[in-house]
Amino acid sequence: MSYGSTIKVPLGPQHPALKEPGNFLFEVDGETVVDVKPRIGYNHRGVEKAFELRTYIQNIYLAERICGICSDAHTTCYTQAIEELLGVEAPPRARYIRVIIAELERIQSHALWVGIAAHEIGFDTLFMYVWRDRETVLDLFEMISGNRIHYAMNTIGGVRRDIHAAMVPKIKKGLDFLEKRLKYYLDVVQTEQTILKRAAGVGVLKPKDAVDLCALGPTLRASGINNDVRADDPYAAYDEVPFNVITHDGCDVSSRMLVRCEEMLESIKAIGYALDHMPEGVIRVRVPMKVPKGEVVSRVEAPRGELIHYAKSNGTTKPERYKVRSPTLGNIPALCKMLLGGYVADIPIVLAGIDPCFSCMDRMAFVDVKKNKGWNWTMQQLRRKYAKK
Amino acid sequence: MSLFKWARTKSPWIIHFNTGGCNGCDIELVAALTPRFDLERFGILLEGSPRHSDMLAVTGPVTLQVKDRLVRIYEQMPEPKHVIAIGTCAISGAPFQECYNVHGGIDTVLLVDAYVPGCPPKPEAIIDGIAKLIQKIKEGEGHGKRK
Amino acid sequence: MEKENEIVKKLKNFLKENLVRTTVPKERRIFVYIKKDALKDAVKYLVKDLEFKHLSTITGVDLGGEIEVIYHMAYKGSIVLSIRLTVSEKNPSVPTITDLIPGAVLYEREVHDLFGVNFEGHPDLSPLVLPEGWPQGVYPLRKEHKLEHLREMTSKK
Chain Z
1 MSYGSTIKVP LGPQHPALKE PGNFLFEVDG ETVVDVKPRI GYNHRGVEKA
51 FELRTYIQNI YLAERICGIC SDAHTTCYTQ AIEELLGVEA PPRARYIRVI
101 IAELERIQSH ALWVGIAAHE IGFDTLFMYV WRDRETVLDL FEMISGNRIH
151 YAMNTIGGVR RDIHAAMVPK IKKGLDFLEK RLKYYLDVVQ TEQTILKRAA
201 GVGVLKPKDA VDLCALGPTL RASGINNDVR ADDPYAAYDE VPFNVITHDG
251 CDVSSRMLVR CEEMLESIKA IGYALDHMPE GVIRVRVPMK VPKGEVVSRV
301 EAPRGELIHY AKSNGTTKPE RYKVRSPTLG NIPALCKMLL GGYVADIPIV
351 LAGIDPCFSC MDRMAFVDVK KNKGWNWTMQ QLRRKYAKK
Chain W
1001 MSLFKWARTK SPWIIHFNTG GCNGCDIELV AALTPRFDLE RFGILLEGSP
1051 RHSDMLAVTG PVTLQVKDRL VRIYEQMPEP KHVIAIGTCA ISGAPFQECY
1101 NVHGGIDTVL LVDAYVPGCP PKPEAIIDGI AKLIQKIKEG EGHGKRK
Chain L
2001 MEKENEIVKK LKNFLKENLV RTTVPKERRI FVYIKKDALK DAVKYLVKDL
2051 EFKHLSTITG VDLGGEIEVI YHMAYKGSIV LSIRLTVSEK NPSVPTITDL
2101 IPGAVLYERE VHDLFGVNFE GHPDLSPLVL PEGWPQGVYP LRKEHKLEHL
2151 REMTSKK
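These protein sequences, in sequence, are chains Z, W and L. This note's numbering numbers the first residue of the first sequence as 1 and each following residue consecutively. This note's numbering numbers the first residue of the second sequence as 1001 and each following residue consecutively. This note's numbering numbers the first residue of the third sequence as 2001 and each following residue consecutively.
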């Protein structure tokens, strides 16, 4: 079954259970997945149209709320785009602060994910431990920005708040604590049998498929492809702050776990460097309200992968067109490929493996092609059914 | 009335549903379960099935795609049932109020008993909101009905 | 800018008069305007000969009377080349590139949903982001649809 072809499965009188739309339609033959059709739209709010109706400053707050887990990635991408349209550059200190916040967000997002992945496998102890430690990052965010989520640090022309010298020792203390914990979790992920049995060899995505299907982020890097927007297309201060791009050759879910764990450790190093080398100076420059005509493509490496915005301005205070492509959408074709030929029991962990917005992936519709029956499951039900395996 | 006393008499089981939000509120609700905040010590359980839940915790601005499912979940809950709207999106839809695929706040679809403002509200605020709702129920108010 | 200029030169030689215009606004950004009929040849050349194997996304833009379709492709994750063409609003139709880049499958569906562009040869243009019951023929991101009308229409559901 190739991802390019389709099978029309009759929905309707024969399958009353499928009247409501799911997020994925699985065709199964017994315990094996034979086809996957994504049907998203659950989270489609119509944000791109709303962008055109608001001023550039108002849109920062809209961009932030496209996603609660990588809100800083969206605002960094957005403010960069508008700065380029305006022909201004954020001052050096602001660029370093952007790196620090972005890397803190990466740690927060990956830690959240490790917890969720552990929960998917049934390893709730690990989930609780990781989320408790993740609170350290959220405390740092609260200290720096005033909020645990949606930190509103970026603005057009720089950042809104400074990281004062008094904060630095506290941040470093938090990072030291995190480093110890993350090294421990990295060890757990590599040696704990519960995890290895459920994640190794599962959800395989070969390098050629990863490239053809335009996979992104840790999903791509866990198939050995060395691509990371921070290194390939540097923005903010990433051309000055050293870090390693983490890749693994395993191509499976456990490799994706390793990539994310090691990326967190790299982020800690990068933040430490940025704090030590942060240039003095202003944190923002003033910008006009009207943006001259132009267009721009802006990219950042969000925790889930390449985030790309396209902006077109028309000389007024509101954008002509603003396009956002979140990384989760970019990974869905690769996700479908990974699920094909796999077991139904593995669906939750493979889905989790690409780190999707977790509530988007809650609902799944199933059709058994041989038995000709259909049913709906939530992730919870699917997990419960296969938990004892 | 202390929360501990209440928990000894009745432990609310909460079903959580996201109607298209950014996940910020959902993460803070899940964080409320983790050791630092530990919602479960009050006997409050995050349950998966509407048929066993007393409370529906809703986040998000109700996208059109999801509205019917929200109502269906509500209808599957046994009475007495209550709705708590978590986050600014659940209260009014903002900042997605003007989006074409968004309904608005939860109270355009269901009758809501408690609102927890914030973007997102901190876990402490969510716990406080739940506690206040429990208090309200104890005093005999706030029986949620479909609009 | 050396690599960027080299890419532009090679594209010009390959596409000849089908290449309408190019701009290189800054390092790692190239914008190329082509004639619609040259799309598949251009994408094939970019993927196979110039190693632009990654498609970041496809953007639709309503220019008024015409719809612009922009393909954002990346060279080794680094240089972003946005190759663009316009189609008439009355009959917006473009050949699919999913046979060359399988990863384009959802991006084309999204542009179809929001702008009504038909991608000939696409395996499955069923709705991707719009909810069930969304009226046919209403493409929300087209400028002709004001937000108030869309909300009026959806609140009647």
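A hint or two may mislead.
Stated by the list, open to error - Here are some, though not all, of the chain L residues that point toward chain W, as calculated from beta-carbon distances under 10 Å: (1) 2063; (2) 2064; (3) 2065; (4) 2125; (5) 2129; (6) 2144; (7) 2145; (8) 2150.
Rather than coming from a laboratory, the hints here were simulated on the basis of the structure. All C-beta atoms, glycine included, are put in the ideal place defined by N, C-alpha and C.
- Message: Given residue 2145(L) as an interface hint, is its Cβ closer than 10 Å to any Cβ of chain W?
- Response: 8 Å, holds
- Message: Quick check on the hint: residue 2065(L) CB to chain W CB, less than 10 Å?
- Response: 23 Å, violated
- Message: Would the hint on residue 2150(L) be counted as holding, given a Cβ-Cβ threshold of 10 Å to chain W?
- Response: Where the cut-off is 10 Å and the nearest Cβ of chain W is about 4 Å from residue 2150(L), the hint holds.
- Minimum Cβ distance from residue 2125(L) to chain W below 10 Å? Residue 2125(L) check fails; min Cβ-Cβ to chain W is 19 Å, beyond 10 Å.
- At a threshold of 10 Å, is the proposed contact between residue 2063(L) and chain W supported by beta-carbon distances? With Cβ-Cβ at 21 Å, over 10 Å, it is violated.
- Interface hint outcome for residue 2129(L) [beta carbon to chain W under 10 Å]: Given a least distance of 8 Å, the restraint on residue 2129(L) holds.
- Message: So, as I understand it, the hint says residue 2064(L) touches chain W; can you test that by seeing if any CB pair is closer than 10 Å?
- Response: Where the cut-off is 10 Å and the nearest Cβ of chain W is about 20 Å from residue 2064(L), the hint is violated.
- Task: Verify the interface restraint on residue 2144(L): the C-beta must sit less than 10 Å from at least one C-beta of chain W.
- Result: It is violated, given that the least Cβ distance between residue 2144(L) and chain W is near 13 Å, above 10 Å.
Going through the hint list in order, the structure does not satisfy hints 1, 2, 3, 4, 6.
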